[in-house]
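Student: Spelled out from the first residue to the last, the chains are:
Number of protein chains: 4
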Amino acid sequence: MGMWIGRNRKARVTYGFDEIALVPGRVTINPNELDITFRLPRKEAEPLELKIPILASAMDGVVDVRFAIAMSRLGGLAVLNLEGVQTRYKNPQEDLIAGRVRQIKDGGVLAAVSSIPQRAAEFGRIAQEAGADVFVVQSTVSTARHISSEYKSLDLGKFCREMRIPVIVGNTVGYDVTFEIMECGPAAVLVGVGPGAACTSRGVLGLGVPQVTATVDCAAARDAYFKKTSRYVPIITDGGMSRGGDVCKALACGADAVMVGSAFAKAQEAPGCGYHWGMATPHANLPRGTRIKVGTTGSLKQILFGPAEVDDGSQNLVGAITTCMGNVGARSIAEFQQTEIIIAPSIKTEGKLFQTVQSVGMGTS
Amino acid sequence: MGMWIGRNRKARVTYGFDEIALVPGRVTINPNELDITFRLPRKEAEPLELKIPILASAMDGVVDVRFAIAMSRLGGLAVLNLEGVQTRYKNPQEDLIAGRVRQIKDGGVLAAVSSIPQRAAEFGRIAQEAGADVFVVQSTVSTARHISSEYKSLDLGKFCREMRIPVIVGNTVGYDVTFEIMECGPAAVLVGVGPGAACTSRGVLGLGVPQVTATVDCAAARDAYFKKTSRYVPIITDGGMSRGGDVCKALACGADAVMVGSAFAKAQEAPGCGYHWGMATPHANLPRGTRIKVGTTGSLKQILFGPAEVDDGSQNLVGAITTCMGNVGARSIAEFQQTEIIIAPSIKTEGKLFQTVQSVGMGTS
Amino acid sequence: MGMWIGRNRKARVTYGFDEIALVPGRVTINPNELDITFRLPRKEAEPLELKIPILASAMDGVVDVRFAIAMSRLGGLAVLNLEGVQTRYKNPQEDLIAGRVRQIKDGGVLAAVSSIPQRAAEFGRIAQEAGADVFVVQSTVSTARHISSEYKSLDLGKFCREMRIPVIVGNTVGYDVTFEIMECGPAAVLVGVGPGAACTSRGVLGLGVPQVTATVDCAAARDAYFKKTSRYVPIITDGGMSRGGDVCKALACGADAVMVGSAFAKAQEAPGCGYHWGMATPHANLPRGTRIKVGTTGSLKQILFGPAEVDDGSQNLVGAITTCMGNVGARSIAEFQQTEIIIAPSIKTEGKLFQTVQSVGMGTS
Amino acid sequence: MGMWIGRNRKARVTYGFDEIALVPGRVTINPNELDITFRLPRKEAEPLELKIPILASAMDGVVDVRFAIAMSRLGGLAVLNLEGVQTRYKNPQEDLIAGRVRQIKDGGVLAAVSSIPQRAAEFGRIAQEAGADVFVVQSTVSTARHISSEYKSLDLGKFCREMRIPVIVGNTVGYDVTFEIMECGPAAVLVGVGPGAACTSRGVLGLGVPQVTATVDCAAARDAYFKKTSRYVPIITDGGMSRGGDVCKALACGADAVMVGSAFAKAQEAPGCGYHWGMATPHANLPRGTRIKVGTTGSLKQILFGPAEVDDGSQNLVGAITTCMGNVGARSIAEFQQTEIIIAPSIKTEGKLFQTVQSVGMGTS
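Taken in order, these protein sequences are the chains called A, C, H and B. Taking my numbering, I'd label the letters of the first sequence as residues 3 to 367. Taking my numbering, I'd label the letters of the second sequence as residues 3 to 367. Taking my numbering, I'd label the letters of the third sequence as residues 3 to 367. Taking my numbering, I'd label the letters of the fourth sequence as residues 3 to 367.
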């Protein structure tokens, strides 16, 4: 396994979404008769159930209170970034964080919020007490072990044990690291470091693993961890999916759900008003996110369920999932994860003709 | 066979037209002395013979009654889409379908019409009674088995048995699925799901198999089915061929004929008047085809037989087939299917110099 | 050897100039102390010696009498196309062909002329009698065997036997075909069918073999033929080389000389006046060459020997050869043919920074 | 090892920076607690220590006296080209060279100067006597052996023995050549011939080895030479790195330091004033460097240490190194050289969304 890149040194060949495609099945299924529920484990309680396996990224241009409520009502889950503009301009933070969580809860829906590891202990407690349903601890690269003499690292195992609500941890890639993080007790793991175009990690740091390989590796860790412990820790592929086809591929590679950012920045409900930008960091020296115009192309409902008014795959993500599952013959996400994958040359669609995705199999669609 | 795309998971490497090229033969043949006839099997009758192995896609911007007549007279076969605009605006459908079929038959030529599977039972009967020569059952992904509790699926085997005229079924990819469809009794099978630029399946659904691999796989199924049953079910590669070179490659990969869409949308006879669009679906939520300006570049005769006035390979498709066959030394499509194929880096022709395709071998051309 | 492109079918992986690079040697040599002579065998006479291993293509926009004289005086050889405009507008042909040959000979230099196979018997005799030094029989795909009942094919063996002057034959690719052609007795063989950007064969016909693989294969045939017969039939790689680097790669792959077209169309001496086009064919139905503006960038001397005023590698082709040979440590073309080749990702130079090719090795340049 | 590129001939597959990526580690480290010192061995003295493992290329548009002083003060080392404009316009050379060296030394910093091999003996002596700390002998392709009867080659072993200050030699690629050069006694070796976009060697000469493979190979030679002699000769990867990610990859591939050109041409301190060009050669016939506008994007301090005001990775190169090392869990360059490398499809970032590089691991950044 691996290619020689020079004398005495080998490297694995890895794959991203553009390099693969999914193969139609021997059986096709009516897309209206599929189960795409995502279940997030909870301590001493039934799992949280999302009707659709899609989360919205904790980004300022994507998720505010209003967006979070809309997303939850449509069956998904949006994560509010506690370090972003939504909680930045007021003091003390405790009031503001609790306030934002309560605003979401007032919408009668699930509330999910996030912070970087170094604030997780503090913010996690505040958010939980304010009624949050899910807490996300997120940094570019998460491992179960971090070495520093300058400051005290988050003890991930202790944090997961002490929190009553589910903790989602990320981002990570790689079998071993994912396995070790799962041993710390999170409810789910976010997969993806530097997944291509949506992130400068590859260009700025040279760091990153393409999402197909990252997802397959982490799914293997999840399955091995489940085999060992009987605890199923879902993995959520995060980043690099701008089209329905990418979402389908992530699930087929083994993801239990996906986390999407820029596709939702195009929603009328997105606070970015047609703009999208990365999470700013407090470290003044590190490169910051660029603000990009993505445009507002439709309502969140349209982006999730259609009708698609654009032909680039950025709308009707759920329709894409169910249509694809019908075509490959998968009744559930678990079956979808078994889809045959091929390595296929990238398609170049600029200036080319687009054609309709038609009916599935031999039945009435 | 296959590459590791991550831990515990392999994927086949697949190929499209841009990744391959054909190798000249040890012998060359005068292109005027070749047989390129396509034979479509019929029940208890001699096969239908097409002088050229080219069908026109069942697309509204390509085929209407006038185009179908012109195409048949030039030796090919055009398929009229019974769900498109040609039969949409009048009721009852029975009269309109029958009327269209009769109009084509009044041209003194073969009439071929198509529907999606869920309308095949009804429309097939009407078309056959009106005198159609060929019926095409076409959906994005066809399998011999479709699961639904919501509606009754088409019984493909029963349909093929009951129809007296040849039934062409598609689209499909993969050895096993193709073999199973052949067991249902069609006269021919359409090959191709999401073949690149002409279809959004890859982008929207992540679904699709590049046409070289799809054609090679289905040709293997055809040969295995023939070996088992002595019934030869031709395969027709459908989609992704915009140039003569692509058509040649499809045949060299094992296709008995090809189905072409956008190249014919450029014909003066095409009802799209220089525009091309995909087949609209009745499902309001699914993405629809985009209308693209392809321009009108010449007559259908010119597109099929030249003289080519453009240098991009979109005209004189038949000349391309015979010239290529002469150069590889193939006397028939069956011999052409044995051509040596190489994997070759894509050629980038933008802004580069084009040179003439000259004479063949050592003879006078 | 080969990759699976589908069930039961393999294909060789082939390479073009953009996919490879040459590796510097363990020893470097002063570029002024190298031998790059090309020797073309003659019957019962010493070989014709060209000081530089470069021929100019038989194209109307490149070679006329004046260009041919200039090219020969600079040490190369230009081939005048007897079917092009240089001999088209006057009758009888015999006078015109003989006239053109004599005009070149009046320049005191070698005269080389070409025709397609079907006119070779007639034109070859005329040209030889008029004093031509080399005759080139050229078609897109040449084999030793051509099948036709409609007309009489050229008997290549007989033609080579009867001509007193050296006959160069092409174009061809592939070990077996090249070996068979060599058995017919030509003085040299032209290598290359559809070598990428300079030819529409790949797009229009799907036909072609990238030049690296084509050259390596034909060099192997040449060496095997030499081993069997002790007759060394040089191979001349023709087409697809627009830069000095491509010329170097062709020689390193095993070519004894190269034939270049578009690079010479940029010469002040070229009759195309800054335009380049392919050879027109008499077959009205086949696609013809497009006329492309390449611009006039300098004198032929400058293109061959510099000083290069452009940085894209299209000038100082001979300087590129000797500098590269010095860097890889090759004293002769025969040693250059042994250079280590690597498969290297294409370089994209658009909008990027260009840097100077500096001195060679540890010596004074 | 290697792929068939044709009959009887194989070629290694090689890799450049765009084809690889680095994999996050199982452990992450606080980037503020890392050691990135580069040590250049000296004869009978402690090594020269650079706080950062970055050298500035000996190019006229990058390094003059003022830049060299600024670079040294920031912890790196800039090489002044003794054949460039800085010493060109005055005679005798001896005074001018000595003057430039003394000007740099007057800044209270290390002085490094370079020449081509044929002037090394003379210029090296002058520079050393004037107080230079490092001498660089640089040509496009360096080997331990150069053959010429026309002039006397530099005896590299003798030169290294006679110079008291450290001699850096380059450029080179390949295990064997590097090993042989190390046997001549240099303090360090520059790695890189034709590394892609920053050089025309690939286009003009067809010559070059992508930097990943070149660096891995030369690192293997360094390690083997160290194992044999217990003398550690650092390798400095030179060329083809325009972004922090490329610098990280070079170090991860085994480089001890990097030499960067165009990234520094963008500094306010660069003498090129926003323009960059290659080193002119005295050989009038060889292609010369093109002058390219790169723009002035910030101070040298900003380019090395940030804060980055651009998002393309061209600023805060040191921050990129330490952040990446923190993420892969490397405490030193020696540990960084052990990073897991993957082959990953190139990312295309044009017109795509950029996101912030965030904090490392579980700690406070």
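I should point out that these hints are in silico values taken from the structure, not numbers from a laboratory. Heads up, a few of these hints could be off.
The list treats identical chains as one, so a pair stands whether inside a single copy or across any two.
[As the list claims (entries may be wrong)] Here are the simulated DSS-like pairs of lysine-lysine, each with C-alpha atoms no more than 25 Å apart in a straight line:
1. 160 / 53
2. 295 / 160
3. 230 / 53
4. 53 / 107
5. 12 / 154
6. 230 / 12
7. 229 / 295
8. 295 / 154
9. 229 / 45
10. 229 / 160
11. 303 / 53
12. 230 / 45
13. 303 / 230
14. 107 / 229
Student: Now tell me, hint by hint, if it's right for this structure.
Tutor: Verification of the hints:
In this homomeric assembly, residue 160 and residue 53 never come within 25 Å of each other (Cα to Cα): the closest approach is 31 Å inside a single copy and 38 Å across copies. Proximity of residue 295 and residue 160 under a CA criterion of 25 Å is satisfied in neither setting, with 41 Å inside one chain copy and 55 Å between copies. Taking the shortest Cα distances, residue 230 and residue 53 never come within 25 Å of each other, neither inside one copy (28 Å) nor across copies (47 Å). For the homomeric pair residue 53 and residue 107, the shortest alpha-carbon distance inside one copy (18 Å) is at most 25 Å, but the shortest distance between copies (52 Å) is not.
In the homo-oligomer, the alpha carbons of residue 12 and residue 154 never lie at most 25 Å apart, since the shortest distance is 36 Å inside one protomer and 41 Å across protomers. Proximity of residue 230 to residue 12 under the C-alpha cut-off of 25 Å is restricted to the inter-copy arrangement: shortest distance 24 Å between copies versus 31 Å within a copy. Taking the shortest Cα distances, residue 229 and residue 295 never come within 25 Å of each other, neither inside one copy (45 Å) nor across copies (55 Å). For the homomeric pair residue 295 and residue 154, neither the shortest alpha-carbon distance inside one copy (39 Å) nor that between copies (47 Å) is at most 25 Å.
Taking the closest pair of Cα atoms, residue 229 and residue 45 come within 25 Å of each other only inside a single copy of the chain (19 Å); across copies the shortest separation is 56 Å, beyond that limit. In this assembly of identical chains, residue 229 and residue 160 lie within 25 Å of each other by CA distance solely inside one copy; the values are 23 Å within and 46 Å between copies. In this assembly of identical chains, the alpha carbons of residue 303 and residue 53 lie at most 25 Å apart only when taken from the same copy (14 Å versus 52 Å across copies). Within a single copy, residue 230 and residue 45 get their C-alpha atoms as close as 19 Å, which meets the 25 Å cut-off; across copies the closest is 58 Å, which misses it.
Proximity of residue 303 and residue 230 under a CA criterion of 25 Å is satisfied in neither setting, with 40 Å inside one chain copy and 51 Å between copies. Within a single copy, residue 107 and residue 229 get their C-alpha atoms no closer than 36 Å, and across copies no closer than 65 Å, so neither meets the 25 Å cut-off.
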